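J.: Heads up: the protein sequence lines correspond to chains L and P, in order. Okay, so the first sequence: first residue is 1 according to the numbering used here, each after it adds one. Okay, so the second sequence: first residue is 146 according to the numbering used here, each after it adds one.
Calculated from the structure, these hints are not laboratory results. A portion of the hints provided could be inaccurate.
Said to hold, decoys possible - Interface residues of chain L toward chain P, partial, derived using beta-carbon atoms under 7 Å:
#	residue
1	K56
2	K121
3	F125
What the hints assert, rightly or not - So these bits of chain L aren't anywhere near chain P, every CB distance computed over 10 Å:
#	residue
4	E12
5	A16
6	Q36
7	M53
8	W69
9	E115
10	K122
11	N127
12	V132
To be verified - DSBU-like mimics (lysine-lysine), calculated; alpha carbons at most 35 Å apart, straight line:
#	chain 1	residue 1	chain 2	residue 2
13	L	K56	L	K7
14	L	K7	P	K151
15	P	K147	L	K122
16	L	K122	L	K7
17	L	K56	P	K147
18	P	K151	L	K122
19	L	K56	P	K151
20	L	K122	L	K56
Small disclaimer: the values here were computed from a predicted structure and weren't measured. Glycine included, C-beta positions come from ideal geometry on N, C-alpha and C.
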Amino acid sequence: MIYLTQKPLDTEALTATVGNPGNGSVITFLGVTRDQTEGRQVLWLEYEAYPTMAEKMLGRVAEEVRERWGIERLSIAHRTGRLEIGEVSLAVAVGSPHRAEGFAACAYVVDRIKENVPIWKKEVFANGEVWVGMEGHRHAVAPER
Amino acid sequence: MKANVKLFAILREQAGTGATTLVLPEGATVADLIAALRGRYPALRFDAASTMVAVNLEYVSQDHPLRDDDEVALIPPVSGGAGGMWRCPGGVR
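One chain only, chain L, in its complex shape (with noise of 0.2 Å):
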């Protein structure tokens, strides 16, 4: 199961959908929101998805580990809007008969989600706000050369 939610996720019906008879192992990874960046406290959390496409890359991602691990019971759901601190921006759940390959296969997905699912990510301080990812691009803001 793979999908894009507003509301908050329900971490134990996501790893309930990864149950499976041959599982030894089922591995629950939450991505949660973080009160500081860098010594700056962050206020609250924004995310914004390109929702056809990064649901597309998802489940690119989960061919990509069914491929590589074979494995087959794989859930990921990802909250976009507003989030406050502590919250579950993102949930990965993995099924699999040993805990090796489901704990490298749920590392992979983190990865992944990170590297090229169009999600984006605002922090926002009491003075301020950044779009991550954009921070250490100095030139991504600059003028057009």
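Guided by the hints, dock chain P onto chain L, whose structure is given.
T.: Just chain P now, with coordinates in the frame of chain L:
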């Protein structure tokens, strides 16, 4: 031909809109579309090297030829999940 353009995150904020339609000459490429977009929205400031482009939900290069009614999305560096890592798998120039 026309292209249905989508803008996200910082680019959406800079342009003041998340969607627009551009009319381009036949044979126009992604690079031509970017030039036209900069003309329409002077406040749009981005380095194309860190911005990827997707046509009909697939990443493409700058020389990709466009067809009538393509959906073209400008994708600034992504940051899904809970961290801020971003690696460029090959952005357009």
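J.: All the hints need checking, so say for each whether the structure fits it.
T.: Against the structure, the hints come out as follows:
no., hint, result
1, K56, "holds, 5 Å"
2, K121, "holds, 4 Å"
3, F125, "violated, 14 Å"
4, E12, "holds, 19 Å"
5, A16, "holds, 22 Å"
6, Q36, "holds, 12 Å"
7, M53, "violated, 5 Å"
8, W69, "holds, 20 Å"
9, E115, "violated, 6 Å"
10, K122, "violated, 7 Å"
11, N127, "holds, 18 Å"
12, V132, "violated, 4 Å"
13, L:K56 with L:K7, "holds, 20 Å"
14, L:K7 with P:K151, "holds, 24 Å"
15, P:K147 with L:K122, "holds, 31 Å"
16, L:K122 with L:K7, "holds, 18 Å"
17, L:K56 with P:K147, "holds, 24 Å"
18, P:K151 with L:K122, "holds, 18 Å"
19, L:K56 with P:K151, "holds, 16 Å"
20, L:K122 with L:K56, "holds, 22 Å"
Checked against the numbered hints given earlier, the structure breaks hints 3, 7, 9, 10 and 12 and satisfies all the rest.
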